[in-house]
Amino acid sequence: MIKHIMCMSIFQTTILFAIIFFGYNFFPEGVEGAFNVTNNKALGITRERALMHPVKKWKDWSYETVMNGMVKDFDG
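For the sequence shown, this note's numbering begins at 68 and goes up steadily by one.
Be aware that a few hints might be false.
[What the hints assert, rightly or not] Straight-line Cα separation of at most 30 Å, BS3-like style, residue types lysine-lysine; simulated pairs:
1. K108 <-> K123
2. K108 <-> K126
3. K124 <-> K108
[To be verified] Now the in silico label distances, taken between C-beta atoms and shown as ranges:
4. N106 <-> M68: 20 to 30 Å
5. K108 <-> H71: 49 to 59 Å
6. I86 <-> R116: 32 to 42 Å
7. I87 <-> N107: 39 to 49 Å
8. L83 <-> E131: 42 to 52 Å
9. V122 <-> I86: 28 to 38 Å
10. I69 <-> G90: 45 to 55 Å
11. N92 <-> M68: 33 to 43 Å
12. I69 <-> K124: 19 to 29 Å
Everything labelled a hint here was simulated from the structure, so no lab data went into it. C-beta: ideal position from N, C-alpha, C; glycine also.
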């Protein structure tokens, strides 16, 4: 019984970490998200705000996937 509990907890932890750290690469940003082409601050992240992000990948954000909130990327 203990091996089933341990294996399932490791599996669930792996899935959780994959979603937390890599989910922004494959979760699409829908209509209800931050697709803000009018640059209205009340609707979400504006283009000006995205250009202030310190990571180059998010400065050129195309609004297609969820924006990562980390200030630094994995490469430092």
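Hints and how they fare:
no.	hint	result
1	K108 <-> K123	22 Å, holds
2	K108 <-> K126	17 Å, holds
3	K124 <-> K108	21 Å, holds
4	N106 <-> M68: 20 to 30 Å	57 Å, violated
5	K108 <-> H71: 49 to 59 Å	50 Å, holds
6	I86 <-> R116: 32 to 42 Å	25 Å, violated
7	I87 <-> N107: 39 to 49 Å	29 Å, violated
8	L83 <-> E131: 42 to 52 Å	24 Å, violated
9	V122 <-> I86: 28 to 38 Å	20 Å, violated
10	I69 <-> G90: 45 to 55 Å	30 Å, violated
11	N92 <-> M68: 33 to 43 Å	36 Å, holds
12	I69 <-> K124: 19 to 29 Å	43 Å, violated
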